[in-house]
Amino acid sequence: MSVAFSDTARTEFERILSRYPDREAAILPALYLAQREFGYVSDEAIVYIADLVGVPPAFIEGVATFYTMYNRKPVGKYHVQICRNISCSLLGAEHLIEHVSKRLGIKPGETTPDGKFTLSKAECLGSCGTAPVMQVNDDYHEDLTQEKIDALLDRLP
Amino acid sequence: MEQVLTKHFADDRYRHVDAYVETGGYEALRKAFGMPKGQIVDEVRKANLRGRGGAGFPAGVKWGFLPKDLSRPRVLVVNADEGEPGTFKDRLIMSRGPHLLLEGIGIASFAMTIHLSYIYIRGEFVREAKVLEEAIAEAYAKGYLGKNILNSGFDLDVYVHRGAGAYICGEETSLINSLEGKRGWPRLKPPFPASIGAFGLPTIVNNVETISDVPWIIANGGERFAALGVEKNGGTRLVGVSGAVERPGVYELSAGVNLRDIIYVHAGGMKDGKELKAVIPGGSSTPVLRSDEIDVTYDIESMGKAGTMPGSGGVIVIPEGTCMVRALSVLMRFYAHESCGQCTPCREGTGWLSKIVRRIEEGQGKEGDVELLLDVCDNMMGRTICPLADAAVMPAQSFIWKFREEFDRHIEDRKCPYGNKF
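From first to last, the protein sequence lines stand for chains A and B. Numbering (this note's numbering) for the first sequence: 1 to 157. Numbering (this note's numbering) for the second sequence: 1001 to 1422.
These aren't lab readings, by the way, just hints derived from the structure by calculation. Among these hints, one or two may not hold up.
Result set (DMTMM-like, lysine to aspartate or glutamate): computed pairs, CA atoms no more than 20 angstroms apart in a straight line [stated by the list, open to error]:
1. Lys-1415/B to Glu-1362/B
2. Lys-1421/B to Asp-1272/B
3. Lys-1182/B to Asp-22/A
4. Lys-1305/B to Asp-1390/B
5. Lys-121/A to Glu-94/A
6. Lys-1182/B to Glu-61/A
7. Lys-1421/B to Glu-123/A
8. Lys-1271/B to Asp-143/A
9. Lys-1271/B to Glu-1320/B
10. Lys-102/A to Asp-150/A
11. Lys-1037/B to Glu-1223/B
12. Lys-1277/B to Glu-1246/B
13. Lys-1277/B to Asp-1261/B
14. Lys-1182/B to Asp-51/A
15. Lys-1068/B to Asp-1042/B
16. Lys-1046/B to Glu-1002/B
17. Lys-1130/B to Glu-12/A
18. Lys-1130/B to Asp-138/A
19. Lys-1130/B to Glu-142/A
20. Lys-1130/B to Asp-139/A
21. Lys-1402/B to Asp-1378/B
22. Lys-107/A to Glu-123/A
23. Lys-1182/B to Asp-43/A
24. Lys-1189/B to Asp-1390/B
25. Lys-1277/B to Asp-1292/B
26. Lys-1037/B to Asp-1155/B
27. Lys-1355/B to Asp-1390/B
28. Lys-1355/B to Glu-94/A
29. Lys-1271/B to Glu-142/A
30. Lys-1421/B to Glu-1275/B
31. Lys-1271/B to Glu-94/A
32. Lys-1415/B to Glu-1320/B
33. Lys-1421/B to Glu-94/A
34. Lys-1142/B to Asp-1018/B
35. Lys-1182/B to Glu-24/A
36. Lys-1415/B to Asp-1369/B
37. Lys-1355/B to Glu-123/A
38. Lys-1421/B to Glu-98/A
39. Lys-1147/B to Glu-1134/B
40. Lys-1147/B to Asp-1157/B
Construct the complete structure from the given sequences, taking the supplied hints into account.
The following block contains the structure:
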């Protein structure tokens, strides 16, 4: 089944193209657009972007799989990514990951059966001064404690 | 202490152009338009401004590498791919003072006759990218970017380009490939980016903090900036302190500050009165120091004599009671995950370092494993296109050299004396 951008996304793509001397430079932004439009970067989305940019699908696939932020599989409504690098680990990140994993009943890398949460372990999120840190979709949550995480997860609709 | 960057960061309005201009913002850009271009570069040279991304290369010298021939357009790329574990200073500049960065881009671009600039920001910094986009829109609206800036006849376009989650893209040639829409594989040098960089054009890549220092340098003179630091390391620098301290955060300090003072004075000392065990002084790739080695000035030369470097200004404070094998296993897992896979010594080496350190931590280490680790290190260091392999080796070697007894004990006792946890 083929896919296509909405008119809005198509306009945005054209605006992105105007920023660069060549079309290929629009690949990273286009993959973000695809993720927003289709929920994840599906095989169909890869073929579609390849066509838009004018490169083989394998090239887009190579790019999409190189970077961690493009989801090649659907993720939950909330993608909870907890940093486990050194500064966060020193302040208890390993326990937090274990806690969230138990609470949601899924292992890191999995999605809850209702499709609400995906849990991932992240490498350094660049917010070490307010460790431990996690990212839920676009937002950072800093200076985490077990209580703070519980309150947040309770609050998310 | 004079604050070059953070003076107004407490003011929420400072991220907007009006408040920035009220504090004298964009006056340095106006001043630069009245200066000969060569003199701007000279001021940056005199400032002894060393690259703040980690390598510490003198910014003014780097700018001088562009070809004299102006027939091909040039590009300025700002490296905002802040990803070195322990480093979180550029995020502060972008969220609290984005116009400092934009004014710096304006001055640097004018000095180097550049009309196109990209800010390559790590993908996770969604909010910071939005703040930057807003600031860019404001700057265009007020005539600080775009066509005929401040009636100087100079044109400049600035765009934000988001990365997508890859530590390697902080390396400048990898960043350039990523900007071009490719996998972030580092390029062989030469050719250096200054001759063939982004889109085949001469390109200068500078860190966010480096460029943000430029307006102050032009407003106040290179010599005054140099005087804020120490010999060969001009100015202030943003130092991010994380780990077991009372007041973690970013501090703007003289490049001549003492590392002990960073921890015990500025960051409020050890958290909960714990004892200090070790410090990773300049981001996760820099060689670790024991607690008895931290009485050292935080400039590149002094830190070099101490066998390490101030790198990207990320001080990671490790308290007594931390298992150094476990700490190293966290770092080695990171480098194995982030190796781009292009060079065999790094792709295989980071994987093996991670596996071997983990098995030692889990009590499965064998006699000879520590020697094996050091041998793997020898086969990685300096043998790859980019410094990611070195970045993994430096913590591995230094952890082993300085905390050897902990590795040996894990192997002899066949278990982690700290109970496999932090």
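Results of checking the hints against the structure:
1. Between Lys-1415/B and Glu-1362/B the CA atoms are separated by roughly 6 angstroms; this keeps the pair inside 20 angstroms, and the hint holds.
2. This hinted pair checks out: Lys-1421/B and Asp-1272/B have alpha carbons roughly 19 angstroms apart, not beyond 20 angstroms.
3. The straight-line distance between the Cα atoms of Lys-1182/B and Asp-22/A is roughly 12 angstroms, inside the 20 angstroms bound, and the hint therefore holds.
4. Distance hint between Lys-1305/B and Asp-1390/B is fulfilled; the C-alpha atoms sit about 18 angstroms from each other, no more than 20 angstroms.
5. For a cut-off of 20 angstroms, the pair hint linking Lys-121/A to Glu-94/A stands: about 10 angstroms separates their Cα positions.
6. Restraint check: the Cα-Cα separation between Lys-1182/B and Glu-61/A comes to about 11 angstroms, which is no more than 20 angstroms; the hinted pair holds.
7. Of the pairs offered as hints, the one joining Lys-1421/B and Glu-123/A holds, with about 18 angstroms between alpha carbons and a cut-off of 20 angstroms not exceeded.
8. Between Lys-1271/B and Asp-143/A the alpha-carbon distance is near 14 angstroms, which keeps this suggested pair within the 20 angstroms criterion.
9. For a cut-off of 20 angstroms, the pair hint linking Lys-1271/B to Glu-1320/B stands: about 11 angstroms separates their Cα positions.
10. A hinted pair counts as satisfied when its Cα atoms are at most 20 angstroms apart, and Lys-102/A with Asp-150/A qualifies at roughly 12 angstroms.
11. The hinted pair formed by Lys-1037/B and Glu-1223/B meets the criterion: a straight-line CA distance of about 18 angstroms does not exceed 20 angstroms.
12. Taken as a hint, the Lys-1277/B and Glu-1246/B pair is honoured in the structure, with Cα atoms around 15 angstroms apart against an allowance of 20 angstroms.
13. Only pairs whose Cα atoms come within 20 angstroms are accepted, and Lys-1277/B paired with Asp-1261/B is accepted, the gap being roughly 16 angstroms.
14. Restraint check: the Cα-Cα separation between Lys-1182/B and Asp-51/A comes to about 16 angstroms, which is no more than 20 angstroms; the hinted pair holds.
15. The straight-line distance between the Cα atoms of Lys-1068/B and Asp-1042/B is roughly 16 angstroms, inside the 20 angstroms bound, and the hint therefore holds.
16. Pair hint Lys-1046/B plus Glu-1002/B holds up; C-alpha atoms about 18 angstroms apart against a cutoff of 20 angstroms.
17. Distance hint between Lys-1130/B and Glu-12/A is fulfilled; the C-alpha atoms sit about 16 angstroms from each other, no more than 20 angstroms.
18. Only pairs whose Cα atoms come within 20 angstroms are accepted, and Lys-1130/B paired with Asp-138/A is accepted, the gap being roughly 11 angstroms.
19. For the hint linking Lys-1130/B to Glu-142/A, the alpha-carbon distance of about 19 angstroms falls within 20 angstroms, and the restraint holds.
20. For the suggested pair Lys-1130/B and Asp-139/A, the alpha carbons sit about 12 angstroms apart, so the restraint of at most 20 angstroms is met.
21. The suggested pairing of Lys-1402/B with Asp-1378/B holds, with an alpha-carbon distance near 17 angstroms, which does not exceed 20 angstroms.
22. With a C-alpha separation of about 17 angstroms, the suggested pairing of Lys-107/A with Glu-123/A holds against the 20 angstroms cut-off.
23. Proposed proximity of Lys-1182/B and Asp-43/A is supported: the alpha carbons are some 18 angstroms apart, at most 20 angstroms.
24. Between Lys-1189/B and Asp-1390/B the CA atoms are separated by roughly 16 angstroms; this keeps the pair inside 20 angstroms, and the hint holds.
25. Taking the CA atoms of Lys-1277/B and Asp-1292/B, the gap is about 9 angstroms. The hint holds against a cut of 20 angstroms.
26. Between Lys-1037/B and Asp-1155/B the alpha-carbon distance is near 15 angstroms, which keeps this suggested pair within the 20 angstroms criterion.
27. This hinted pair checks out: Lys-1355/B and Asp-1390/B have alpha carbons roughly 18 angstroms apart, not beyond 20 angstroms.
28. Restraint check for Lys-1355/B and Glu-94/A: the C-alpha separation of about 19 angstroms stays at or below 20 angstroms, so the hint holds.
29. Taking the CA atoms of Lys-1271/B and Glu-142/A, the gap is near 18 angstroms; set against the 20 angstroms cutoff, the hint holds.
30. Annotation: proposed proximity of Lys-1421/B to Glu-1275/B holds, straight-line Cα distance about 18 angstroms (limit 20 angstroms).
31. Using a Cα cut-off of 20 angstroms, the hinted pair Lys-1271/B and Glu-94/A holds, with the two alpha carbons roughly 19 angstroms apart.
32. With a C-alpha separation of about 19 angstroms, the suggested pair Lys-1415/B and Glu-1320/B falls inside the 20 angstroms cut-off, and the hint holds.
33. Restraint check for Lys-1421/B and Glu-94/A: satisfied, since their Cα atoms lie roughly 8 angstroms apart, inside the 20 angstroms limit.
34. A hinted pair counts as satisfied when its Cα atoms are at most 20 angstroms apart, and Lys-1142/B with Asp-1018/B qualifies at roughly 9 angstroms.
35. Restraint check: the Cα-Cα separation between Lys-1182/B and Glu-24/A comes to about 8 angstroms, which is no more than 20 angstroms; the hinted pair holds.
36. Restraint check for Lys-1415/B and Asp-1369/B: the C-alpha separation of about 14 angstroms stays at or below 20 angstroms, so the hint holds.
37. The straight-line distance between the Cα atoms of Lys-1355/B and Glu-123/A is roughly 17 angstroms, inside the 20 angstroms bound, and the hint therefore holds.
38. Distance restraint check for Lys-1421/B and Glu-98/A: the Cα-Cα separation of roughly 12 angstroms lies within the 20 angstroms cut-off, and the hinted pair is therefore satisfied.
39. Using a Cα cut-off of 20 angstroms, the hinted pair Lys-1147/B and Glu-1134/B holds, with the two alpha carbons roughly 18 angstroms apart.
40. Distance check on the hinted pair: Lys-1147/B and Asp-1157/B sit about 8 angstroms apart at the alpha-carbon level, within 20 angstroms; holds.
Of the numbered hints given earlier, the model fails none.
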